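Chains as they are written, first to last, in the numbering used here: chain A, 1 to 439; chain B, 1 to 927.
Worth flagging that the hints you see were computed from the coordinates, not collected in a lab. Given the structure is predicted, the values throughout are model-derived calculations rather than measurements. C-beta atoms are modelled at their ideal positions from N, C-alpha and C, and glycine is treated no differently. Check the hints yourself; a few may be wrong.
Said to hold, decoys possible - Under the rule of at most 20 Å between Cα atoms (straight-line distance), these lysine to aspartate or glutamate pairs were calculated in the EDC-like manner: (1) B/Lys807 to A/Glu270; (2) A/Lys364 to B/Asp781; (3) B/Lys769 to A/Asp390; (4) B/Lys785 to A/Glu411; (5) B/Lys769 to A/Glu363; (6) B/Lys807 to A/Glu411; (7) A/Lys414 to B/Asp806; (8) A/Lys414 to B/Asp781; (9) B/Lys727 to A/Glu363; (10) A/Lys425 to B/Asp781; (11) B/Lys785 to A/Glu270; (12) A/Lys414 to B/Glu813; (13) B/Lys769 to A/Asp300; (14) B/Lys785 to A/Glu407; (15) B/Lys769 to A/Glu407.
What the hints assert, rightly or not - One-sided excerpt, in silico: chain B residues whose CB lies under 10 Å from chain A: (16) Asp781; (17) Thr784; (18) Ala805; (19) Leu808.
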Amino acid sequence: MGEHDLTALMAAQLDRHLVFPLLEFLQERQLYKDEEILEAKIRLLNGTNMVDYAMDIHKSLHGTEDVPADMVSRRAEVVARLRSLEEAAAPLVSFLQNPQLVQELRPDKQYNIHMLQERFQIGPDQIDALYHFAKFQFECGNYSGAADYLYQYRALCTNSDRSVSALWGKLAAEILMQNWDVALEELNRLKEIIDSKNFSSPLNQLQNRIWLMHWSLFIFFNHENGRNGIIDLFFQDRYLNAIQTNAHHLLRYLATAVVVNKRRRNMLRELIKVIQQEQHCYKDPITEFLECLYVNYDFDGAQKKLMECEQVILNDPFLGKRIQEGNFITVPLRDEFLENARLLIFETYCRIHRCIDIGMLSEKLNMSYDEAELWIMNLVKSSKLDARIDSVSGTLIMTTNHVNVHEQIIESLKNLNARTYMLGKNIVEPAQAAQQAAR
Amino acid sequence: MASRFWTQGDSESEEEEEEVESEQGSDSDNGGGETGGRTVPQNRYLNNEDDSDESDTGHRVVRSLRDKRNEEMKSTVDQMRNAMKINDWVSLQESFEKLNKHLEKVVRVNESTKLPNMYIKALVLLEDFLAEALANKEAKKKMSSSNAKALNVMKQKLKKNNKQYEDLIQECREHPERFEDDDADGKDMDEEDEDSDAEIEDPEKIAMSESEEDDDDEDKDEDGPWEKKLSKKDKLMDKQLLKDPSEITWDIVDKKLKEIVASRGKKGTGRIERVEQLTFLTRVAKTPAQKLEILFHVISAQFDVNPSLLGHMPVNVWKKCVNNMLLVLDILQQYPNIVVDNSGEPDEKETQRGADYNGTIHVTGDLVAFLERLDSEFFKTLQCTDPYTKDYVQRLREEPLFLVVAQNVQDYLERVGNLKAAAKVALRRVELVYYKPQEVYDAMRKLAEQTEDSGENGDAEAGDEYQLADDNRGPPPFVVIPEVVPRKPTFPESIRSLMDGLMSLIYKYGDERTKARAMLCDIYHHAISDEFSVARDLLLMSHLQDGVQLMDISSQILFNRVMAQLGLCAFRAGLINEAHGCLTELYSTGRVKELLAQGVQQSRYHEKTPEQERLERRRQMPYHMHINLELLEATHLICAMLIEVPNMAASTYDKRRPMSKTFRRLLEVSERQTFVGPPENVRDHVMAATRALNKGDYQKAFNVINSLEIWKLLRNKEHVLEMLKLKIKEEALRTYLFAYSSCYESLSLNQLTTMFDLSEQHAHSIVSKMMMHEELHASWDQPTKCIIFHSVDQTRLQGLLFQMADKLSVLVESNERAYEARTGGTLEGVPPRRRGDGQDSSNMGRWQENFVSSQGRQGGNRFGYAGRGGGSGQGGGYQKDRGGQGSRGGYGGGSRFQDGRSRTQSGSSARGDGGARMVSLNRAGRV
């Protein structure tokens, strides 16, 4: 069932630490063998400083109490390094831990640096040390500490590159701590920097955008307003281009978000264009579903794809998030997706039909006849659907409403009227203003 | 200084010279035996050259030569005097010409720009005499006709000639004593003048004259004209070299080389002869560096063999040239301390250093230029040869030979680290292979491997001949260079990998033009290997379309070829809209042949000047690179048919713009015919199919198309025809619905499927699409599977009203545009007309910049390095650790390119404006 698994693709664009949640999820879903995942975890941890954790995994993987020598030696190394970094950053840390002193800091960076230098002999070296210390903390898995230090560091640092790095670090830490609100703030801050900053090469900028989008998935699928956020962000031209260039797999998330989000239906058309364009590069059941429905108008095909979509959603670490309610475990996004997708199919179907057999419809919608009738009735009542039910023959009859030819003509000319008015106004106003000024 | 001398008396000038001498003081070391007046200027001139050692011997020789020349001149002047006495204008004219000839020599020998007094005096004399003769009208009348003619000629010539020396003549008239004929005195004056001029004198000239001086020592028969002397001397020299090979020194060879090189372009030296002479020299070269230097001259001499731009180098010379190139590479590989460059002036004596010398030796030369020349000569032979002859095939078989050289040159350049030049060479290689599909490439590979034996023999034979010819004349080569460089090309399995390798080199190091051309070649190759999407993406991302108008003509031709190939590729893939978009531009002008450089098209309306025609001929593609025009035309017309026929049928509802004007025009022409005969050419076939399709008769339409001959040119013919059949059915269905929907109240799906032989699902999908796009005013009746048509007929008045509304909106739009153009801003409250409109202005990035991006696009394998570099460049932040497990592969991509994408988005949208825009050749006016 791993055919639609994107973890490998995603992992390339994520921080080591951010890959952990994905692996955890995979382990839970048991898509792969446990050993493989544990192995991957160890490999992942080798690049970090969380040696203890790696040791634990190693033990459980091999069922022994022995730990490889290199891990032990690495542990010592890490501890030693931690000490030295701590020492280097100690003056500043102790300063920052004193709330009274911290209050003396002002928004003016220059002043702060000057003040620190004058009164506490804390120079740029110490500030740099803070950065390294924070990074080390992060590597060790102490995310909250790292986030705090990085926040302080950003307030003090003058090096813009470092500052951006620190921001990335902060974002990662916040994501890992699941502080979605804060993370979203950091994300926006970072986005601004990426968009405004003059990167040395466009390549670099593109890469940054792709990273940003990948990281943002954590936030968007967990934050309550994330579904709007993801559409807003990904549909920005620059980001859409980045997706099309080098991160086609993100289309899955975008497509899901659009389907689920009722208020953003207007984006569907654009999304389909993109999907069609990239169909030779990327394809998964979710995009195929949309393609079936809106390009080929193949309703049976769409139905089939929808089944596959369910599995994909369940196996996706971002989409398949579970929520435990009492004894039930639900995947809210799956339910939402299926519901909305069904509605989409139904809407499209109704648009090109005049008369539909409710029996067939109920079959397609996976409902009993009565349920379907009720469902349709609700739709009609809430005036989402302009139709009547013929219960004798068991059919649904659409009321076709053609726009009257007269109306059409009037409509097209009305538009012209408004435009001409705007044009005239735009010309006349400056002229009048100029006249008045002349007087 | 000269003028000062002239105004002063003789004695004064003498004094001043003495002053100068004393000023120079210790510098002058050979003042002794010579008179002050002569040595000082000489001295100074020598000091300029820092070469006073040779001055003693050199000086003596110069004087004797000078005397000789002066004497010749003097005798000519005497002859003239005699002719004047007897009023013989014919002989006077002759001697005058002779005098002028002598003047050149004398001036050269005297090493000054100052004219000898004798000459000026003669001119004065002549002028006077001429005036006299002209004044005496009676005598003129009495002259014989030939004499009178000569007089007139003389008059004009003298007038022209004297204009140059006006000042001097004036001077002479005023102070005749200064131009006294006394030899010694005159010479003094000459030398004085030299004083001022020597400083300006060209050092090269001095070098020349020096070498001439040396020559004098060796052979004494100097009197003949210069050109003759050379060839005579050559033989003498050769003999000399033959006699005692051990005594040949570097100097002798070097001198000889300079001599031959100097003779370049002079009258009387045979080009082939020169090559032979130089080739001979290569054998006696003393050091590898010298051999290399001479080889360079041999190669350029070989290029000189064919003087005209239109003709091509003889094939055998070309082959020899290739061999020489290989030899050069051998030397370079053998002696890595020898460096080829064309930047600085290398030290004269540098090539003297032997094989055991360890430091770097600079030799002037440009391998890339040679290689490019070699390539273009190869191209030219193919252009000039009749493609249906055996010669052509024979010539084509020599392609691997060139590829070997190119490969080796590239290897060498890469080794040396001159990657920019290597990129240029790589482009040449790319341009030789890009148009080959894998099959042809395989054939070439096989050929290269096969001919290795036979080719080797052939080469050996040629070499033997060559050897024999040389053995007759010279000793065995002094510097023996083993064949280090491989003589056989090595090709990777698939052409794609070859291209990829070369491409990545070019993208990394090439200059803009190289990159653009390479990109085009790459797109072309993707297109012929049926990778439409890749090719399309590359094209769009490179933004080549924006800049193509600014490129040189051959690149534009390449671009057109790419578009044609892209169209064919899209057609094979069943992407009718895209194919049409690619091809329509090529056909809109009706000058396809010219655009693709596949033959000259005669235009009825304006004649081309011969010059234009010649230029065009030089651009022609060799036959084996041609794109089949019939196939191209068929593709274009079929695509146009598939798009246009339903469009025409639909336009009963509303007047639509024709999608393909060319097609419409052709259709009108064919409809005007009274009698329609059986189809003969491609156009007739498509027109016949169109008529059938118009009636919804898909079977007949397909049969007509199917009967075209050209389909056998396709690799996957069945597949393409299958696709075509399906497309024709679809369009027939659409056309039928458009045309006859008003006649139906309802229509069952069953009937449609039987009529058009489509699957139920497919037909349903097509009809649904039409309903959704509101092309068809109807809806399904699900239980009965019927299409119910809504009657939405318009009255005539309503139709006219719609048209009026359309026209009005056009008017408003143009008003708005005018306003925008005037004020520069957009109207508030008016929705942007097109997506990406706002962006365009800021993002019309030059396509050059987008190359970076396009690399990224390829991601992983090929251009991976780009992204990698970017990532780690970020410094010690968190970025470094990103990437989790395993390799992070390459992910680059440029943001510039995104701008392109926004336009792309409309690229392959459903039907409608998609494809056309994406491939439009000239986008002026639009977007």
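Tested hints:
In summary, the hint linking B/Lys807 to A/Glu270 is not supported, as the alpha carbons are separated by about 29 Å, beyond the 20 Å threshold. For the proposed pair A/Lys364 and B/Asp781, the alpha carbon gap of about 17 Å is at most 20 Å, so the pair holds. Of the pairs offered as hints, the one joining B/Lys769 and A/Asp390 is violated, with about 27 Å between alpha carbons and a cut-off of 20 Å exceeded. Restraint check for B/Lys785 and A/Glu411: not satisfied, since their Cα atoms lie roughly 34 Å apart, outside the 20 Å limit.
For the suggested pair B/Lys769 and A/Glu363, the alpha carbons sit about 24 Å apart, so the restraint of at most 20 Å is broken. As the CA atoms of B/Lys807 and A/Glu411 are separated by approximately 15 Å, the hinted pair is consistent with the 20 Å bound. Restraint check: the Cα-Cα separation between A/Lys414 and B/Asp806 comes to about 12 Å, which is no more than 20 Å; the hinted pair holds. At most 20 Å may separate the alpha-carbon atoms for a hinted pair to count; A/Lys414 and B/Asp781 exceed this at roughly 35 Å.
The hinted pair formed by B/Lys727 and A/Glu363 fails the criterion: a straight-line CA distance of about 33 Å is larger than 20 Å. Proposed proximity of A/Lys425 and B/Asp781 is contradicted: the alpha carbons are some 50 Å apart, above 20 Å. Restraint check: the Cα-Cα separation between B/Lys785 and A/Glu270 comes to about 31 Å, which exceeds 20 Å; the hinted pair is violated. For a cut-off of 20 Å, the pair hint linking A/Lys414 to B/Glu813 stands: about 14 Å separates their Cα positions.
Between B/Lys769 and A/Asp300 the alpha-carbon distance is near 15 Å, which keeps this suggested pair within the 20 Å criterion. The straight-line distance between the Cα atoms of B/Lys785 and A/Glu407 is roughly 31 Å, outside the 20 Å bound, and the hint therefore fails. Of the supplied pair hints, the one linking B/Lys769 and A/Glu407 is violated, its CA atoms being roughly 25 Å apart against a limit of 20 Å. Nearest Cβ of chain A to the Cβ of B/Asp781: about 5 Å, under the 10 Å cut. The hint holds.
Restraint check, B/Thr784 versus chain A: the minimum CB separation of about 8 Å is within 10 Å; hint holds. A distance limit of 10 Å between C-beta atoms decides the matter here; for B/Ala805 the minimum to chain A is near 4 Å, and the interface restraint holds. Because the beta carbon of B/Leu808 sits about 5 Å from the nearest beta carbon in chain A, less than 10 Å, this interface hint is met.
Figure legend: structure checked against the earlier numbered hints; hints not met, in rising order: 1, 3, 4, 5, 8, 9, 10, 11, 14 and 15.
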